[in-house]
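**Student:** In order, the protein sequences belong to chains S and V.
Residue numbering for the first sequence follows the numbering used here, beginning at 4 and increasing consecutively.
Residue numbering for the second sequence follows the numbering used here, beginning at 3 and increasing consecutively.
Treat the hints as calculated values from the structure; they're not laboratory data.
Glycine included, C-beta positions come from ideal geometry on N, C-alpha and C.
Check before you lean on any hint, since a few could be wrong.
Stated by the list, open to error - Here are the simulated SDA-like cross-link-like pairs (lysine to any residue), alpha carbons at most 25 Å apart as the crow flies: (1) V:384 / S:215; (2) S:233 / V:339; (3) V:176 / V:24; (4) S:233 / V:19; (5) V:176 / V:19; (6) V:391 / V:361; (7) V:392 / S:219; (8) S:233 / V:24; (9) S:233 / V:437; (10) V:384 / S:244; (11) S:233 / V:289; (12) S:233 / V:332; (13) V:176 / V:238; (14) S:218 / V:408; (15) V:391 / S:217.
Unchecked claim - Now the in silico label distances, taken between C-beta atoms and shown as ranges: (16) V:346 / S:341: 37 to 45 Å; (17) S:140 / V:331: 36 to 44 Å; (18) V:407 / S:332: 47 to 55 Å.
Claimed, not checked - If you want the footprint, here are the derived chain V segments under chain S, 3+ residues with CB under 8 Å: (19) 358–371; (20) 387–397; (21) 461–470.
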Amino acid sequence: MALKLHTESLHTEPRLGETAQQMTAAPPASAATTVRKWRHLAMQREVIVLLAMVLFNLIFTPHFWSLQTFNVNMTQVVTIVIVGIGMTLVVATGGIDLSVGASMAISGALAPMLFLNIAGPGGIALAFVLPVLAAALCGVFNGLLVTRLSVQPIVATLVLFIAGRGIAQVVTDGSLQAFNTPAFQWIALGKVAGVPFQVLLMLALVVLFAWVVRKTLFGQYLLITGGNEKAAYLCGVPTATVKLIAYTLCAALAGLAGLISISVNSSSDANVVGLGVELDAIAAVAVGGTALTGGKAYIGGTLIGALIIQLLRYTLLAHGIPDAAALVVKAGIIVAAVYVQRRSR
Amino acid sequence: MTESGKETPHSPLTRSPLLEMQDIGISFGGVPALRSANLSVAAGEVHALIGQNGAGKSTMIKILTGAYRRGSGSVRFEGREIDFRTPKQAREAGISTIYQEINLVPFRSVAENIFLGREPRRFGLIDWRAVQQRAAALLESFGLQIDVKKPIGRYSTAIQQMVALARAVSSDAKMVIMDESTSSLDEREVELLFTVVRKLRDDGRAVIFVSHRLDELYALCDRVTVMRDGQTVAQSTMADMDKLQLVTRMLGRTLAAVVQDDAEAREANLARRGKQMISATQLGAHPKVSDVSLEVHAGEAVGLAGLLGSGRTETMRLMFGADPLERGSLSIGGETVALKSPQDAISRGLAYLTEDRKAEGIVPELSVRDNLTLVCLRTLAKNGVVDVKKQQAIVDRFIASLGIKLRSADQPIRELSGGNQQKVLLARWLAAEPSLLLLDEPTRGIDVGAKADVAKIVRELRDAGLAVLLSASELEELTAVADRAVVIRDGRTVAELNGADMSETAIMDAIAYGSDGHSQLAEAAQTANAAHIEDALEGDRHGA
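This is chain V alone, in the form it adopts within the complex (with noise of 0.2 Å):
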């Protein structure tokens, strides 16, 4: 670890803190999920809790909850030492949660989710006159006015947030913890909730905010922990910390450390690239995707990058005819195309690789002969009947040179490690021989040496020909691969990085700044010298 969790802020606590949560440890199988990771959190402060995917967070939220026990560290809450074994108790003690899945129950009314399991009670009856009329003041003091008697189902998202918070506060809650709570709101929504939040804050109760949205932990943070791989790698108020070294220290790269040797190959990878497989111009879907134009030719593998939640999944749909567009067009081989379903996708040569491996990829229970097979299984019939030698002509010839670990093709393709698994998937697509491969994070969850290898598969699909879009969380890895990088921000194309204009440092840059302004960033990062990108750092901080 270069920086450490000491590195603290500038300002210190103006109050005692709240909640104090040090050098806590948890491992999971053996595999530590947390080493020493700290959070403090005052009263009357709104904190954002931020980090990649599988950095902690949710970890480190589930053990203040009590849905998990610590291994090691120490909790302490209002001053008192606290270890909650059920979420009930954390409830109790006043800590509220807010999931991104609100859990509220939809066809009861507004009024009765505020008060579930906590009615007013009147000769042993619940009050419902007391039920409505108290639910309905709280959510004045919102500013909200709807019926309360109406089921919370019927009202947006946004609605159903507010009168999560308001469950949380008219149950005394100290501290509320929202988890990606503004994920599927569009800005208006969004900008209510703050002013909730808000309010909650100026309350004096305490607020941890976990999202991925930049723009927003700037509006509405007071403070911010970045946690990283198990560890809080810097805490600061959020006016000590601009975007470029949040991004920075949420990816754990530091800026000096930024590698050119690529370069060349990259550049002469561009220039020997083919005829140009798919183009998408401009594509929009609510509420993911505003804005998102790119293109990918035959033999070049380029990178969409952004933050979680930027759009990279849903742009991956929309290009595969998984979800309908809205806005904008799409042209597979030159060719103008309204892509109806994946299947048409397919038929185009276009294949798909799920981020969600389990949800969206596996049949847990069937073989890894039938999981392999199961896209071109249709060219494997014959008159209705699956031509079982063939078949199973594929699958060894897969298992073979893609080196995938197993007992027997027969086994059915949960036992797998996660890399296999992934490795079977992506012989699924090959199988069907694509042109163009969509690849979602292709190397999430799965162990290091399995990262190489399907870094290697990949780089060999694009010298053979095949044009590749791949997202990655890890940037490390995105331009392990990568020829060029297409970022996205908020569902829009913020910047196209060619060849020798793309680093890590760059793609950084666009994703916290988007890509009008701090060339001067950009150009510093190009020479890779580290002075001149801590100049620049220098001056972006005065600037901020």
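Excised from the complex, chain S in its bound form (with noise of 0.2 Å):
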């Protein structure tokens, strides 16, 4: 099945680049440099392998076009993108997060205790600010360790990751909570138009945040930084501030997954919310093209990286393969896109 697989987004390969290629040479083609040529070409290459495998599950998996399979496969990558959108502006820094999951089971923790004892609309909002404001903080100590005491990030991160879910389990006394509050649950059960709430709210981070890093100051910095820190340094960029200030992005959008995880459950367990999410993360990530060594930051690239990494296990799953070797796909995958933005250089 997986040869299959392969060979036939060997044969779809050349028909879908034509399209893609005429799609973006819309706007006029003589200022089309180099450059953006490049950015759309390294970017093509996700946008082609995702469509290649729509395609082949549109033909060879029964009941793949249907709004039911969508939002399955939507609702499963929601928190691995929105995670995956504050790890795509740590790794722009140069930096990578490890502490994510910890921070999603931070705030998956504090947010039923807040909803279940403060009643009404008021205890509704308070658990959705406080739990992500509480992820946040754990940001800040994340971007503390890195800039003030220069801790690696990745030492740095492994505090809070080790740490962090001890404290969640610390705050509720370890035990299991569940609950039925549809109020706080719309954020993930929620539908507009047949449409997830969930998703839509993922999609608006994605066009958010892909506007943020293109046109704002800090996005700016961001790639500044991760691009040549001692330039930027030399150059008057605020490095420490900019790296403080995407660690907490990072951690309080982990923050924001961890309540929709707990919404999708209806119960909260310290022990699994957000488990293994920071790997998750950083796959999509890095198969969206955003090179790990900082410098560069494709948010949309990561939604897609999220989207290859969901549907390739979808495929799988839907023609018999068990997950466990979907898994060893998965790392196949991952090593498959680092290799391609290796060469790529």
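Put the complex together from the two separate chains, hints included.
**Tutor:** Below, the structure written as structure tokens:
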């Protein structure tokens, strides 16, 4: 089956490539420089892979063309993409954040304590705000370790990776909190025009942060800091602040993802919420074309990267290949993505 | 070339040469890096190899150690024709290299580092006791008593250098190459290291010593080979070549070729200059800057002269707030300031073009547009959102006014030539509308045409009323732009040469001897009379 998928994608690639090129070449072709072309080509590669996988499924997977399948696949990636957006920002500075799963757990542990104990809309509102702020605080902690104490990002964030989940368990006494609070859970279970609200929220965040990276001062400083930190510092870029903001945003987004995660499950278990999400997020970032060495941030790429990984898993499952084997294929895709990145440098 | 490699020393080699490199040539991408370079080193001597940046010293060493393959010429070591393909082969043949960044393993013990890869074994296992005993004995023979079980990273750079030397000795190196080994050591440590080097020499080993500190060369070396533009321009015993001759050969200026026609223009410029923009008083920061004082006024260009490693870059970094100031004071626009960061300096109207364009200048993957507006980006943002139209306008303006050649502003800056990259970086600072420019080697590594362009731009900026402080290894380039020069040597200001007093000769004089003494030479230089200079040199030679 896997072999078949492979040959199929090879066959479809040129055709899709053409159409994609026509689409991107729509603006004045004369202005298209190598950079633009390159960036588009780099982005195209991921888009082509994704489209090829969709096409494969349309032909070979029964019932693929349905809103339900769409919703299932999309809701599966929501938390990974939201965490992945933050991860993209941190990776753009040349860092990495291993503590996102722990941030999710902390936020997920706090929220039910708020809306279960404080009645009315006030409790719901607080349950959205405070846990995200608590997660953001974790990010500030990470950022200070990285900037003030110059701890390597992977080590700095390992601290909360280990301790964060423990904190969440201490807060909840290690017990599972089950609930049924539709007003709160609407963030995950609500639907707008048949599409889950969490999917729309995810897409909105992708658009927002893609804009932040491209158009704002912070976005530019982020790429400059990651691209050449020494030069950035000598040019007056507040590199420490930029990094601090990146880690804080990353943790806050993880906090939000934590809220969605517990809403989906109608329960919060500090042992489980966001478990392993850091690796999925990093994988999405890598497959999405953001260099792990820093200086680049493709938010859209991270969305596509997450979708590729999810769709691959779905495809394999739909064709009767066990999840355990799917993990191996997932690893293979990450290796391939990083390899392609290295070659195109 | 005015001088040729044939100018061989008066004193013939008393010993047969251990190493003989003849007519070495090599090209990189069609550009010759070495053309008929020679180097001859005897066993039992310390041989100085000197030259400016890009003169070909490192290339020569890399060919010798097998990192590069030579294009032409011959290399004989111990009388045999050799052609190393890898550094390992050179090591095995007995040529050991000690780099500035020492290649030791910081977390392993001193003893392990000395015997790394060659550990004495017993029954197939490493005999640690033997390792430690032999290491301790070896270091003791250098007069060094340290705990060989401690990680090497805990010791000072000087001790690390000596451990590296010990490693070379223990592997029976016949020749040790020391590349800028002393650049991060203080005086006491240098003396310690020299004791060891002399011991190696007395054991009959050959040492090639690369350094830019003239005093060290005279203190340590027996003979010297001077390189310039990929050629050997002089070989001599140290005793037969005084400092001024050495500097002259290195910088490629003959004393007679002093031009003075700019003097009037410089004087006129200095008379016109505006108020003082920056004043540095007795700046100091360990280890490179010990006592530097200088001031720059609006509308003048001041040259910061000195050899490589004399503290030019470090001085500029102190003035820009990039490194913390340990001693001395700095005033900008008449107000004494304590700069906390470059950001501080920028907000006070300073700009700093770094020497190392690649490591500290460009953001390689970003576009020319993003690179050019890096510093002024802050002013282009409204509520945190960058005004793209304003940004493009600035980019277009500077691309046109500085004549930057590119396909598009969207192009990543790494695709541009060195000269165009430098113009983008210059534009980056000019876009922030500074009042004082610190330019560290603005013409380094760019082609001749771009050099002329950069010089022209700097002159125009000065005429527009900016204060400019610039350094350049090439004195010709310095005197072409600067109205006066401040000469630093080993982190100290040793001379200030104004207007008509500034000439390449006078600068070289100051570099070689410092401010005190040899005014005879400076006077001779002022009259630009070759005969006088030669006379002065003669006198000096006898004096030395």
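**Student:** Indicate, hint by hint, whether the structure satisfies it.
**Tutor:** Here's how the hints hold up against the structure:
no.: 1; hint: V:384 / S:215; result: holds, 13 Å
no.: 2; hint: S:233 / V:339; result: holds, 23 Å
no.: 3; hint: V:176 / V:24; result: holds, 20 Å
no.: 4; hint: S:233 / V:19; result: violated, 46 Å
no.: 5; hint: V:176 / V:19; result: holds, 12 Å
no.: 6; hint: V:391 / V:361; result: violated, 30 Å
no.: 7; hint: V:392 / S:219; result: holds, 14 Å
no.: 8; hint: S:233 / V:24; result: violated, 42 Å
no.: 9; hint: S:233 / V:437; result: holds, 23 Å
no.: 10; hint: V:384 / S:244; result: holds, 19 Å
no.: 11; hint: S:233 / V:289; result: holds, 21 Å
no.: 12; hint: S:233 / V:332; result: holds, 23 Å
no.: 13; hint: V:176 / V:238; result: holds, 22 Å
no.: 14; hint: S:218 / V:408; result: holds, 24 Å
no.: 15; hint: V:391 / S:217; result: holds, 14 Å
no.: 16; hint: V:346 / S:341: 37 to 45 Å; result: holds, 40 Å
no.: 17; hint: S:140 / V:331: 36 to 44 Å; result: holds, 41 Å
no.: 18; hint: V:407 / S:332: 47 to 55 Å; result: holds, 48 Å
no.: 19; hint: 358–371; result: holds (count 9)
no.: 20; hint: 387–397; result: holds (count 3)
no.: 21; hint: 461–470; result: violated (count 0)
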